[in-house]
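Residue numbers (our numbering), protein chains in the order written: chain X, 1 to 270; chain G, 1001 to 1271.
These are computed hints drawn from the structure, not numbers from a lab.
Source: prediction; values computed, not measured.
Take these hints with a grain of salt, some might be off.
Beyond 12 Å from chain G on every Cβ pair, some chain X residues (computed) [to be verified]: (1) E76; (2) L186; (3) T191; (4) A255.
27 Å max Cα-Cα, derived BS3-like pairs, lysine-lysine [said to hold, decoys possible]: (5) X:K231 x X:K84; (6) X:K208 x G:K1048; (7) G:K1137 x G:K1048; (8) X:K113 x G:K1092; (9) G:K1092 x X:K84; (10) X:K187 x X:K162; (11) X:K84 x X:K113; (12) X:K187 x X:K208; (13) X:K84 x X:K208; (14) G:K1048 x X:K162; (15) X:K187 x X:K231; (16) X:K23 x X:K187.
C-beta atoms are modelled at their ideal positions from N, C-alpha and C, and glycine is treated no differently.
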Amino acid sequence: MASRAVIEVRDLVTHYGERMILKGVSMEVHEGEVMVIMGGSGSGKSTLLRHMLSLEQATSGSIRLSGVDICTASTEEMYELRLKMGVAFQGGALFSSMTVGENIMLPLYEHTKLDHMTMEIMARLKLEVVDLAGFENLMPSELSGGMVKRAALARAIVMDPKMLFCDEPSAGLDPVVSNAIDDLILKLRDTMGMSIVVVTHELDSAFKIADRITVLDQGDILFIGTVDELKNSDNQRIQNLLNRQSGEEELDPEAYLRRLTGEDTLVKAA
Amino acid sequence: MSEAGPFSPVVRLAERVGRSTVGGIEGIGHGASLLAESIYWTCLGWRKHQPVRLPAVFSEMMEVGIRAIPIVMVLSAAIGIMLAIQGIYTLKMFGAESRVVIGIAFSVVREFAPLITGILVAGRSGSALAARLSTMKINEEIDALTSMGVNPVRFLVVPALLAMLVMLPALTFFSDFISLFAAGIYVNLDLGLSLAAYADQTLDILSVDDLMHGLGKSVLFAFLITLVAVVNGAAVTGGAEGVGRVTTRSVVHAITAIVITDMLFAFLVTH
């Protein structure tokens, strides 16, 4: 897959107050691929996403979306760019004062001159895509967690964006719904050719949807590559990350007891 | 005493005062830039694909103004009657209770109507705006707006500001009438002055200047209430607790700002 890069991050350094969060991150996302950004809590993956969305100011480095440097882009350029971006936030971020249908129609209402009927039809189309047909008149507070995430996804794709960003699309959902969202992401890539960035810490989900994976660790890039390359990596930190999920099966009772009694840490300290 | 340096109470106090002063100045600066941005989007939004939507302004006006009418009526009537009672009581000492109409007319139109309406709207709509914006910020709804290419100031702040700028003077004007009318009824019952004579006297006493004095203040209050609510709402940190905190703070700040501005305005205009 030698397609061109839609998203290019170069030497991105960011601070939160005094604390350095990203320590010179470089990566790119190609056209029509699903890039999963992984990493533990505090690894900076959400920060990286927020910078890609231009919601934060970077200390140094550059981010180019569709060739436009968003750190120096004018308001007009940013406006044009944002029409090509869809974002599904972690908590859904649906506007609680509007119905689900109005939420999904909002980008159309704000950016197009379509008549109301057409917008409603488009909103229903997108609701069909996320399997939420018939829910357009409900308020977000009347939806379950999984439905909110799917509705947020519908809103993110209503403008048929070139780039889609998803923050933890399947976190906190039951396996069935989580699986359905993964399928949906793959469907969006295949049918609409979107470039999709997914931030997640769910390994199963990442392995299923990713074309390539970026692993962040304490603000640094630990790994960029395909799922197979990740699985075959002999880097200890990556293996730790991967085994955290499956490590439970080979639980050593003695080691477990040692950890509980604190002997483990004593030995390490010695 | 050798450890005085950074640990001495005086230094700590100075640091606290310094920090809150800087915080306050930062808030004022934020408010000023919000105001500038609001004016920008109101005037130029149409050309930058960010038009201010009239339906949004109207629905805010409904919330800020129309729905506040009943409570404004109750409070204004109470204030009018209270002024009449106190006025008659005080003037009785000089046997001049028939002059009470002057006191009522001036104090209602120049002072009490704008003040009481401002305080009421600060408590009712300013707090609601702060709570709404802070909740939206915590739920990433503001980020969602930004990322879909909708300017949050244009979408959320400008409609509220415009609605406040129209409805607060309108409510104040309404409050003028209700207060004067309620006071008139009390004067009628207590002193036997006919309502027609009362209305005649009131109209004689009041000039357009007096009315504009009150309405001018209410325009200032409208700016203050909205900007204080938005600055506080945007500064939210933490979850639900944070929302409660900024809501309370927004009401306290807004009422303080209203009362102090009222005093300064009265001083500057009468000198």
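Results of checking the hints against the structure:
1. E76: At roughly 8 Å from the nearest Cβ of chain G, E76 of chain X sits no farther out than 12 Å, so the non-interface label is violated.
2. L186: Consistent with the label, L186 of chain X stays out of reach of chain G, its closest Cβ about 23 Å off (over 12 Å).
3. T191: holds, 22 Å
4. A255: holds, 37 Å
5. X:K231 x X:K84: violated, 33 Å
6. X:K208 x G:K1048: violated, 42 Å
7. G:K1137 x G:K1048: holds, 24 Å
8. X:K113 x G:K1092: violated, 68 Å
9. G:K1092 x X:K84: violated, 75 Å
10. X:K187 x X:K162: holds, 14 Å
11. X:K84 x X:K113: The hint holds at about 17 Å.
12. X:K187 x X:K208: The given pair, whose Cα atoms are some 12 Å apart, holds under the 27 Å limit.
13. X:K84 x X:K208: Cα-Cα ~25 Å, so holds.
14. G:K1048 x X:K162: holds, 22 Å
15. X:K187 x X:K231: holds, 24 Å
16. X:K23 x X:K187: violated, 34 Å
Of the numbered hints stated above, those contradicted by the structure are hints 1, 5, 6, 8, 9 and 16, listed in ascending order.
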